[in-house]
Structures are given as structure tokens and as C-alpha cells.
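Place chain W with the ligands on chain S using the hints.
Order-wise, the sequence lines are chains S and W.
Quick note: the first sequence uses this note's numbering, first residue 7, plus one each step.
Quick note: the second sequence uses this note's numbering, first residue 2, plus one each step.
Careful, some of the hints might be misleading.
What the simulated footprint calls covered on chain S by chain W, stretch by stretch (three residues with Cβ under 8 Å from a Cβ of chain W suffice, anywhere in the stretch; the number is not a length) [said to hold, decoys possible]:
1) 110-121
2) 244-255
Here are the simulated DSBU-like pairs of lysine-lysine, each with C-alpha atoms no more than 30 Å apart in a straight line [to be verified]:
3) Lys681/W <-> Lys643/W
4) Lys230/W <-> Lys228/S
5) Lys390/W <-> Lys370/W
6) Lys228/S <-> Lys264/S
7) Lys479/W <-> Lys499/W
8) Lys499/W <-> Lys196/S
Across the chosen pairs, the derived CB separations fall in these ranges [as the list claims (entries may be wrong)]:
9) Asp150/S <-> Asn423/W: 51 to 59 Å
10) Glu227/S <-> Val445/W: 55 to 63 Å
11) Glu255/S <-> Gly603/W: 44 to 52 Å
12) Asp758/W <-> Asp73/S: 26 to 34 Å
13) Ile295/W <-> Asp150/S: 44 to 52 Å
14) Gly189/S <-> Pro627/W: 46 to 54 Å
15) Asn423/W <-> Tyr183/S: 28 to 36 Å
16) Gly603/W <-> Gln221/S: 23 to 31 Å
17) Ile295/W <-> Gly189/S: 31 to 39 Å
18) Thr90/S <-> Gly485/W: 32 to 40 Å
19) Glu227/S <-> Ser316/W: 55 to 63 Å
20) Asn79/W <-> Glu227/S: 32 to 40 Å
21) Glu255/S <-> Ser808/W: 20 to 28 Å
22) Gly603/W <-> Glu227/S: 25 to 33 Å
It is worth saying that the hints were derived from the structure and are not from the lab.
Here the structure is a predicted model, which is why all the values come from computation and not from measurement.
Where a beta carbon is used, it is the ideal one built from N, C-alpha and C, also for glycine.
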Amino acid sequence: MPFALPIAQPAPASPRPPAPARAAANASLAAAAPEPMGFFTDTTVCIGCKACEVACKEWNQLPARGDGGAHLEMSGQSYDNTLTLSGDTWRHVKFIEQFPEPYHGRWLMMSDVCKHCVQAPCLEVCPTGAIIRTEFDTVAIQSDTCNGCRDCISACPFGVIEINHVSGTAQKCTMCYDRISVGLEPACSKACPTDSIQFGPISELRTRAGARVAQLQAQGEKGAYLYGADPTGPLGGLNAFFLLVDEPEVYGLPREPKMPTRNLVRGSMLSTIGAFMMAFVGALSLRARRITEVQQASGPKGE
Amino acid sequence: MHPRDMVHSDCIVIMGSNMAECHPVAFRWPVQARMNGATLIHVDPRFTRTSANCDIHAPIRAGSDIAFLGGIINHVLNSQRWNDDPFFQTFASMYTNAATIISPEFKDTEDLDGIFSGLTAFTEDPQWPYSGEVGNYNPESWQYARTASAGNGESQHNPVAAPAAGGVRPAAAPAPKSWDALVHSLLKPPPRTDRTMRDPHCVLQILKRHFARYSPELVEQVTGCPSEKFLQVAEAVLRNSGADRTTSFAYAVAWTQHTDGVQIIGCCALLQLLLGNMGRPGGGIMALRGHAAIQGSTDIPTLYHSIHGYMNHPSAIQPHDTLHDYLAAETVPTGYWANQPKFMVSYLKSMYGDAATAANNWGYDWHPKIIGDHSHLATMSAMAEGKIKGMLCVGQNPATSLNGSAQRAAMRKLDWLVVKDNWLTETAMQWKNGPEITDGTVKVADIATEVFFFPSTQVGEYEGSFTNTHRMLQWHSKAADPPGDCRTDTWFYYRLGKILKARYASSTLPRDEGFQHLLWDFDRDPEPGRAPDVLAEPDEHKILREINGYQSADPSKQLSGYAELKDDGSTLCASWIYCGVYPAWDRNLSARRIPDPPGVPGAELNWGWSWPSNRRLLYNRASADPAGNPWSERKRWVWWDKSVPNGQNPVTGAATAPGRWVGYDVPDFNLTLAPNAKPKPGAIGLDALSGTDPFIMKPDGKGWLFVPTGLVDGPLPVHYEPVESPVHNQLYARQSSPVFKWWSRGKPYNAIAPVGDPRFPCVITTYRLTEHYLSGAMSRWLPHLAELQPELFIEIGAGLAQERGISNLDFVKISTPRHQIRARALVTNRVGVMTIGGKRVHHVGMPWHWGWQGLAVGDVTNDLTSWVGDPNVSIHEGKAFVCNVEKA
Ligand code: SF4
Ligand code: SF4
Numbered sequence: 007m008p009f010a011l012p013i014a015q016p017a018p019a020s021p022r023p024p025a026p027a028r029a030a031a032n033a034s035l036a037a038a039a040p041e042p043m044g045f046f047t048d049t050t051v052c053i054g055c056k057a058c059e060v061a062c063k064e065w066n067q068l069p070a071r072g073d074g075g076a077h078l079e080m081s082g083q084s085y086d087n088t089l090t091l092s093g094d095t096w097r098h099v100k101f102i103e104q105f106p107e108p109y110h111g112r113w114l115m116m117s118d119v120c121k122h123c124v125q126a127p128c129l130e131v132c133p134t135g136a137i138i139r140t141e142f143d144t145v146a147i148q149s150d151t152c153n154g155c156r157d158c159i160s161a162c163p164f165g166v167i168e169i170n171h172v173s174g175t176a177q178k179c180t181m182c183y184d185r186i187s188v189g190l191e192p193a194c195s196k197a198c199p200t201d202s203i204q205f206g207p208i209s210e211l212r213t214r215a216g217a218r219v220a221q222l223q224a225q226g227e228k229g230a231y232l233y234g235a236d237p238t239g240p241l242g243g244l245n246a247f248f249l250l251v252d253e254p255e256v257y258g259l260p261r262e263p264k265m266p267t268r269n270l271v272r273g274s275m276l277s278t279i280g281a282f283m284m285a286f287v288g289a290l291s292l293r294a295r296r297i298t299e300v301q302q303a304s305g306p307k308g309e
Numbered sequence: 002m003h004p005r006d007m008v009h010s011d012c013i014v015i016m017g018s019n020m021a022e023c024h025p026v027a028f029r030w031p032v033q034a035r036m037n038g039a040t041l042i043h044v045d046p047r048f049t050r051t052s053a054n055c056d057i058h059a060p061i062r063a064g065s066d067i068a069f070l071g072g073i074i075n076h077v078l079n080s081q082r083w084n085d086d087p088f089f090q091t092f093a094s095m096y097t098n099a100a101t102i103i104s105p106e107f108k109d110t111e112d113l114d115g116i117f118s119g120l121t122a123f124t125e126d127p128q129w130p131y132s133g134e135v136g137n138y139n140p141e142s143w144q145y146a147r148t149a150s151a152g153n154g155e156s157q158h159n160p161v162a163a164p165a166a167g168g169v170r171p172a173a174a175p176a177p178k179s180w181d182a183l184v185h186s187l188l189k190p191p192p193r194t195d196r197t198m199r200d201p202h203c204v205l206q207i208l209k210r211h212f213a214r215y216s217p218e219l220v221e222q223v224t225g226c227p228s229e230k231f232l233q234v235a236e237a238v239l240r241n242s243g244a245d246r247t248t249s250f251a252y253a254v255a256w257t258q259h260t261d262g263v264q265i266i267g268c269c270a271l272l273q274l275l276l277g278n279m280g281r282p283g284g285g286i287m288a289l290r291g292h293a294a295i296q297g298s299t300d301i302p303t304l305y306h307s308i309h310g311y312m313n314h315p316s317a318i319q320p321h322d323t324l325h326d327y328l329a330a331e332t333v334p335t336g337y338w339a340n341q342p343k344f345m346v347s348y349l350k351s352m353y354g355d356a357a358t359a360a361n362n363w364g365y366d367w368h369p370k371i372i373g374d375h376s377h378l379a380t381m382s383a384m385a386e387g388k389i390k391g392m393l394c395v396g397q398n399p400a401t402s403l404n405g406s407a408q409r410a411a412m413r414k415l416d417w418l419v420v421k422d423n424w425l426t427e428t429a430m431q432w433k434n435g436p437e438i439t440d441g442t443v444k445v446a447d448i449a450t451e452v453f454f455f456p457s458t459q460v461g462e463y464e465g466s467f468t469n470t471h472r473m474l475q476w477h478s479k480a481a482d483p484p485g486d487c488r489t490d491t492w493f494y495y496r497l498g499k500i501l502k503a504r505y506a507s508s509t510l511p512r513d514e515g516f517q518h519l520l521w522d523f524d525r526d527p528e529p530g531r532a533p534d535v536l537a538e539p540d541e542h543k544i545l546r547e548i549n550g551y552q553s554a555d556p557s558k559q560l561s562g563y564a565e566l567k568d569d570g571s572t573l574c575a576s577w578i579y580c581g582v583y584p585a586w587d588r589n590l591s592a593r594r595i596p597d598p599p600g601v602p603g604a605e606l607n608w609g610w611s612w613p614s615n616r617r618l619l620y621n622r623a624s625a626d627p628a629g630n631p632w633s634e635r636k637r638w639v640w641w642d643k644s645v646p647n648g649q650n651p652v653t654g655a656a657t658a659p660g661r662w663v664g665y666d667v668p669d670f671n672l673t674l675a676p677n678a679k680p681k682p683g684a685i686g687l688d689a690l691s692g693t694d695p696f697i698m699k700p701d702g703k704g705w706l707f708v709p710t711g712l713v714d715g716p717l718p719v720h721y722e723p724v725e726s727p728v729h730n731q732l733y734a735r736q737s738s739p740v741f742k743w744w745s746r747g748k749p750y751n752a753i754a755p756v757g758d759p760r761f762p763c764v765i766t767t768y769r770l771t772e773h774y775l776s777g778a779m780s781r782w783l784p785h786l787a788e789l790q791p792e793l794f795i796e797i798g799a800g801l802a803q804e805r806g807i808s809n810l811d812f813v814k815i816s817t818p819r820h821q822i823r824a825r826a827l828v829t830n831r832v833g834v835m836t837i838g839g840k841r842v843h844h845v846g847m848p849w850h851w852g853w854q855g856l857a858v859g860d861v862t863n864d865l866t867s868w869v870g871d872p873n874v875s876i877h878e879g880k881a882f883v884c885n886v887e888k889a
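Bound-form chain S, shown alone:
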């Protein structure tokens, strides 16, 4: 039953070691916490319907762009009028037309989202501790603690975060924390008619994704591979990983997503100190700017 999606149920603690970035204070919680959860997005069955984009906005009460959806112009870039993930758009469906001549080529579609990195740069740099790792091993921003400093925006190698134009704080996908905490699956995967987006325990998703790659390879789709599924890969693996059939850059994804820097003091630690020493906030912003510079110098960024 490939279409029977598992619904998140509180499950025994994962055998996986706690993510390195997990705050020490969360360690005791982790023992009783559910398994790490994530998204497997199989782009080969995406039909570009944008149901995920809309379901996400509806559930999370995100605003339409522009003047409440009015007076907007089309982008002219295939059927993509959203163009980027942002504080208002937490799922974004990309359309990549590859047609060297009329009627000859292919049209790739991919629903992009926050990768919920196992070693999340955004979380690392956040000076206020607004970005947390949840008991599901996902990454979430707490709006009430975010001071809008934008550090995370520059730190994310995938260009996921932006300031939400209503709240004025940094926002991104929470993997529907409110839904999964009560055993529901996130709005996007629930709405996806073809199960291009699958939600579930990471270990299970990895097995399923591996089998799907093997199936596609056997059916002749030799270019099929997984992006971000490897726990030994960049950023400790991505808890939202993808099945792709072309180079990562084609989808606007960095080939080697990197932590902004390795030799700086971890942002999360700083943020702990920062919580006591508000006077240091200015200095932290300065550091964040440096991180940005390092990142820009070090090559490709998402989108």
C-alpha cells in the first residue's frame, strides 16, 4: 500500500543519537520523545498542482502576496509565480522547463520546503534562541522570541527563511508542529494528491525512498537519486529530503550545502549567554554579518 501514509504517532525514542545541535536541556526530553520525523519529497510524481502551497498557507494562516492576492503580475517563468520560499510561503513548487526544441524535452516539478537540517545553520546562528529543535528532530522558529535580526536568513544555505510581512518576524515551515504533536500529518503532505510529499519517521522514509530510487532505476530513469537522505552527508542529513532526476543546481539546490562557518562559536551557545546578557545583542549581529560574508564568499546558495 504505497499510498497509505503513516500518521505520526508518538513512537518510542529513536535509536539515532540526538542531533548534535539539540540543546542539552532537551536531552532528558529526548529519551521520551517520538522518533525523528521528516518529509520525503519524490519529485518524479509531483504534478505541480500547488495543493501543498495552498494547504500550507491555509493551515498556517499565511498571507497571500501582494495586495491580498490582487494586482500581482505573472513571472513568465513557466507556471511558477511564487518564485521563492519566504516568510509568507513555506512550500514552493518549482517548475523547470527543459525543452531544447518544440515538444521535445521534460518539465520537472518540485515542491521545495525547509530541509529541517540535522545540523541546522539557522539554529546555530540564531542569537535569541528563537530557533529550536523539536522533539520530532525538526527545526522551528518561535515567533515570540524572534527579534527579526535576520541572521538565520543569511545562514540558511537553502534560502528558506524570510521575514513574514504580517508578523515582522523570521518565519518558515514548522513541519506543522501543531498538527504533528497531536498525531496528524502536516497540511502539505495531507493535501498532496499523488503522495509526492510523504511524511513519516525518517528511518522509514529513507527505506521507502531507497526502494523508489531502485524502482525508477530499474524502469530506466537512471538519473534518479536522493538529495539529503544521507545522515553522513552535509549538515548531518536533511530531515526533509528529495528524490531528484537532475543535478541539484537544476532545482536551485546547493550541491554541497554548508554550515556558514566551522570556526565560530556556536550560535546556540551564544544565544544562551545572550539570554542573560542582552547588551551583547549588537555584537552578535555583527557576528552574523560576518557569517554572511563568509557564506557568500564560499559559493552557491539556494536559489
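Positioned in the frame of chain S, the structure of chain W with the ligands alone reads:
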């Protein structure tokens, strides 16, 4: 077939549909089939989101579908496999009319250069000169050749009851106790057949001659699809058909919206019957319907030409004067339709209740009759001539509909217009800020129409049932009260009916008796546990119970199925096909939500309820071979189990022979009719069919490759060019269908471009996007949808863009003989140039979701389209016409 069943297909051809974009939820099944190894094929002028998820995309010019399908038919008929494999031969000779012999009078398009025998001159009816007809066929020569022996030894065809216009008819007499005698009198001698299928007049031989010229080369010439690509498709379809494999086709309005739309679908049915892909799991033709309940709106029709359950509407221009006349003209004596008197009398009881009696022919005379084509475009054509005073426009947006400026002009001639919708649509506002008002050609002060607006509920604000494309009724609950004065359409019509009944209560005019006797009683009773209804909405359950039907003498006794219907007035049933959905006062089967257990083969029989009789796969007797065994283990669905005991005959008490049709689904067959059963001589109804006649709604129980009755434009599909085309027909001298509909012919607002008009060199098709719905009346007002596709665009190929100096996102002007509009150019190689008959033709396409109201606004694409259409169903040709594209 139904979407869920597509998961059983080994090959799926999506043609005349952009399924992934327009039916994204149903598309999960083709996706799953493909994961299981099925081949997915999209045949379409554009490479769309559907093509992106298919193995093969075959580009064809809009309007050339029959040439493509005819090519596959020719390929199949000439293939060694089809001629050698006993599966195909048995299916064709036993289950279709391939072996039936057609009247020697019949002349094919091959003989008459593009027309069939029987074409007659046509004169418009002066009483209703808006039917748009340009020609007429007399189908007499298309009939089966019949044996000399009369009616299986029974009575001759009754000449008095024959549907010959102007014939002498008996004076209205009280209805007989049973209509069986009438049905018997309609019997004809059985058709002649040649089981070897070698007789030159048998259907198979006619087909072979008819399709012989549809070679791969001709397909390429007419459709623009390279012949290798075409052959790839034809081979995949043939390879994936047979005892062990099934292919399905999916279509939507890109097949219907043509001047020969019904014939395109018929052509596919012909191919699927030849390949044995009917009545079998994963086979068939998926008719993708658009709205959530559009299937329901033809079952309980909003159509002008039929009444509930696909019975023809009584008509003043047919021999329908009395109920006897109507039943004599409409009843087919063999096959299940022989029961039409039961359906009709029960229907009339649902209309007029106790007032309908045998003495007054069950109130037949009170029933309205049509006087011609009253479809949308015919009505608009009459409105344009000032013949229509008022219009109720509920859930429809004609201001953005076909040849939109002509429809807006027609509506400006109304005395009154009622619009009931969720928002102030273009139709509600055309008098105030329509394009003609804003450009100054019309002044608001000159419009005399009084416009009323009724705000509507949304789906979560009321309960009721949807009937989806699977003929499945699914009940939905109410989640919230509607805001303000918003009310359901049911409320609107129920109130209107009550008001009209009160108005006519004291009338002495015979024509008003129908209103006086109308059974109109759906008031909500106070129910314990149910909140008092402040909205005065009628009781949806009462409506569905009446549709299901009950014993006339005791409304609490619901009918459990249409086998219980009687023609003596003792049963009341609005729609026979829905009989069984509400089999007891408190049992609403459409509310069931029990899925099959995982891993167990089944048809999800406890989820909702599908008409007829909860069958999920129609004509499923064909899933077994003539002896009643599954054709193959892989395609097992319904079969004959000779060991099932049948107990005693309830009347005689004698033991009955064992044996029953069983399977995963409800068998679509007489449950105890053994595979080797022969027709009963002189019998009517199902008794006239044998144990190997799966198509029980057909008089001969066969799937019709050749269609002797029921179509007005010919018994076989023929490639005709769309009415507006860049090229001459490469098959015959006849350019377009000789009988297509052309409303407001000769009027300047409905001008048609001549063949190959150099002013309009591009072929254009129109379509929908996932992000919007129809005219946008349910989507352009929603911020989260408006932002996804904010502007109207035209998709043009890079070649055309270069020729015309157009860059991506430039504004361009698109023109047809009717109108011109502006849109952004979306330059893409997903559409492009084709070679048609040696001529380079640019193909372009436009979505038609926009109008000037709402959040996302744009010009009305339909202003470009015309009022021409299919003669069988009066649907317009909005999918293929010609235009010009210039930089604005
Ligand atoms: S993708 Fe970006 S926003 Fe999401 S967890 Fe990783 S770094 Fe943070
Ligand atoms: S809902 Fe699923 S199929 Fe639709 S765009 Fe999103 S990922 Fe693709």
C-alpha cells in the same frame, strides 16, 4: 470506468484531457498505476503537467482526434495479433455487434465522399428557429438487417405506435393496467448475424473498409504527430490489451467540445470494444467530469432534453402527444430499457403524487414539453433576438462564456436577470462595468434589465450529496451556518416552487394544472437532536428519499432497488437509476465510508453508493469469457460460480438450478442467468438476451461498434475538420460535419473564418489550469489562488514568438472573426509549430479563467470563441478554432 479502477490499467491513454491539471486528485490513480509499471501516454496539442508525468507525449493538432484514434483502429485491425489472438476474436464476435449485418441500403462515407446515406435537406422550425441545425440525417438505412421471421414469432411492430411524425395516433385513452402489451408490440425480428464476421455487410467488414485509409502517414498529415510517435502509441495500446492486460482511456471536455465531440468519444469506445477493454478491470473509458456533482446534474438533469435517469424529455416535435405515444416512441422492447414504462410512470408519480392516476395517464399532460433545442447556446441565440424575457443564472457565468460579447449583448436584452452566486460575478456586473460599458460602446442608462443578486452558500454550509464521475453518491455534512442571507440553490428553487404554486393555486387554465398538482413537500420536520433550522432550508434527506422512491401508498416504505418499480402507479420514484441509495427511511447508503481491508481485492462496495445498484464497473459480465470464467487470473472481476445454490422458486416452490454470478463487484447482469442460457422466444426486456450478452442496456446485448440508432451525425466516426481550420479535410471532400450546429448563423457577431483564412493562421485551443476553476468565479476571488496565476496569458511557441517579434511576458493581441483580446505572452517550447498537410501551422493555447471582476483580472478568452457545436448534445466547439497573434 472510474478513477479508482485506473490503478488496474496496464496502459493509460489520456487524450482530450489534461488530467493532472484539471483532475489532480483523481490523477493519483494513474500515478499509482505507473509506479506499478503501467505505461502512461498523453496525446495533446500541448506538453502539460499531465504530459510531464507520462511516458509518452504525442502532440496532435486540436480537433484531429478521430484521425489519430482511427489510425489506431486501422493499426489494430491489420495487426497479426488482433487477428490471431482468440481473445480478441471471441470478444468481438460474441460481445460486440461486429458480426451483425447492416442493411444493404447503408452507404458509408467511403462511398459518398464524406457523408453517410440518409442526408436530407433541413428547414428550420418556424416555431423555434434557434436550434442551429444546418442538416439532418434520416437514419433508416443505418439499421440492422433483420431476419424474415417476425418478432421471435411474436406480434409485428405496431404501425400505430411507430414514431412516424404525422401518423394517426389513438385518442388519449386511459392507461392500461400494464404496459407490457405495448412493449411486446414494439418487438422487431432479430438482427441477422455472421459469426465468422466475413459477410461484406457485417459490421467488422464495414469497419475495415471505413478505417483503411487511416494509415500512419495520413495520421501524421492530419494530426501533425510524427508517424513514429503515433506507432509507438498504437503499439503500446495493442500490447497492453488482451486476456491478461487492459488499457484505459481518459478524456474530458477536450473531446466533447467539438462539432463532432460525441463521435470522438464513440471512436474511442469502438477501439476499446475491439480491444476487449470494456467491462473489465483497468479497461474502459474514463469520462472525467468537471464539477464535483456534474454527473449528478445529468442524472437528475439540468439538461433540457432529458428527464431523470436519462429518459428523453417529452417533446412537442416528437410523437409524444400522449403517454402511450411517448412510451411507444421511446421504449426499446429488448434489453433493460424495456422497463421504461415502469421508470416513467414512477417518475410521473414523483412529480404529481396522488393526483397522478391511471385515468389521467399519470399526469403526463401536465408535464412540460420542449419545442426544440433549448441548450445554452440556443437559448442565447433566442435571447439575442429578444425572444427571452428573463433568466435565472445559478452557478453559471455566461458573461465570460462562449462568444462572450454576444452573450453579454443578449443578456442586455432581458427584462430581468437573477444571478445567484458566491461573488458578484461578471454576469452579475456586466450591465455596470462590462467591457462594452468601460469602452463606451454601451451606456448603462440604455440597459433596461432589472438585475437581482442572491448570495449563495459554500459547500461546507449545507448538507447534501455529490454524485462524482464514478456515478458515486457521497453525502457531505454541514460544517457551519452560512453568513448573512446566503442560501442554498435547493432553498432557492424550493421557495420559488412554493411561490409559483401559490400563484397558480386559483388558476382555471389547464396549462397551470401541473403547478397545482406538483408534489412539493420537502419541509424540514422538527427532529429530536437536530437544531431548529432558522434558515428554512428544505430537508435534503426528504429529497433524496423521493429520488430513491417509495411505495405510493406508504411513503415510509422506501424501495430497495429499481427491480421493485411498477408501471401501475403503485411505486413512486423520481430517478430510477438512484433507486436503492436510500433503501429504508433511516438508511442513507451515500453516507457510508467503509474502505475495503488492505490487500483484499474488492470494489470498495461499502464506500458511498454508485448507481446502478451500487455497481462499480458497468457491463462487468464482460470481465468473464463466454463460459463465465475470468479471462485471466490477473483480470478476474466477476464470474459464474455454478455451485451456488439458488433455493426454491418463490412462486412455484420448485427447486431452481444452482449457479450465480459472483465476484468482487455487484454483477451487472441477471444474477442467475447461466452463461449458456438462450434468449426466450418472443420475450421482452432481459429475457430477450442470452447468457453471453453483457451489454444489457443495449437491445441486442452487444457493445456497439456500429451505432444504428441514437446518434444524429452518423453510425461511425469520421474525421471532419473543425468548423474553423487552417486546412482542407485530407480524407474527404466534405470539410466539416454535414450536420453540425451553427447558432445565429449569418449574424455578424457569430462570423466564422473560412478554411485557411490567412488573417487567422494559428490554431488555438482553450483550457483550464489547476490554480483556477472554470470562469474563475470560485477561484479568482480567493487570495491564495489568485496569487498563483494572477494574469491571463497565451502560450506560444518560440518559433512564433520569433516570427512575430514577441518576447516572453509581452502583451499581445489575439483576434478571431468575433473579437480581439489582450494577454501576456508565455513563450515556451511546450507548444509549437506543426506540419499539417504540408503546411506549417503554429499552435497556441489560452486558459479561459479570467474576467474583470475579482482579485485576479484579465480579458475574457471566450470572447474569441463562436457559437458552433455538436448536433447530438449541442456543446460548443471551444477546443479548436483559428486566430491571429500580434504584438500589442
Ligand atoms: S533548510 Fe534552512 S531554515 Fe530549514 S533547517 Fe536548514 S538552515 Fe534552517
Ligand atoms: S501537492 Fe504534491 S503534487 Fe501537488 S505540487 Fe505539491 S508536491 Fe506536487
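Comparing the hints with the structure gives:
1. 110-121: Held - the region 110-121 of chain S has 6 residues with a Cβ nearer than 8 Å to chain W, which meets the minimum of three.
2. 244-255: violated (count 0)
3. Lys681/W <-> Lys643/W: holds (21 Å)
4. Lys230/W <-> Lys228/S: holds (23 Å)
5. Lys390/W <-> Lys370/W: Holds: Lys390/W and Lys370/W sit about 19 Å apart, inside 30 Å.
6. Lys228/S <-> Lys264/S: Distance of about 27 Å is within 30 Å: holds.
7. Lys479/W <-> Lys499/W: holds (24 Å)
8. Lys499/W <-> Lys196/S: Violated: Lys499/W and Lys196/S sit about 44 Å apart, past 30 Å.
9. Asp150/S <-> Asn423/W: 51 to 59 Å: violated (37 Å)
10. Glu227/S <-> Val445/W: 55 to 63 Å: holds (60 Å)
11. Glu255/S <-> Gly603/W: 44 to 52 Å: 47 Å Cβ-Cβ, so the 44 to 52 Å window holds.
12. Asp758/W <-> Asp73/S: 26 to 34 Å: At roughly 42 Å between Cβ atoms, Asp73/S and Asp758/W fall outside 26 to 34 Å, so the hint is violated.
13. Ile295/W <-> Asp150/S: 44 to 52 Å: holds (48 Å)
14. Gly189/S <-> Pro627/W: 46 to 54 Å: holds (53 Å)
15. Asn423/W <-> Tyr183/S: 28 to 36 Å: holds (33 Å)
16. Gly603/W <-> Gln221/S: 23 to 31 Å: holds (25 Å)
17. Ile295/W <-> Gly189/S: 31 to 39 Å: holds (36 Å)
18. Thr90/S <-> Gly485/W: 32 to 40 Å: holds (38 Å)
19. Glu227/S <-> Ser316/W: 55 to 63 Å: About 57 Å separates the Cβ atoms of Glu227/S and Ser316/W, which means 55 to 63 Å holds.
20. Asn79/W <-> Glu227/S: 32 to 40 Å: For Glu227/S against Asn79/W, whose Cβ atoms are near 34 Å apart, the range 32 to 40 Å holds.
21. Glu255/S <-> Ser808/W: 20 to 28 Å: holds (26 Å)
22. Gly603/W <-> Glu227/S: 25 to 33 Å: holds (32 Å)
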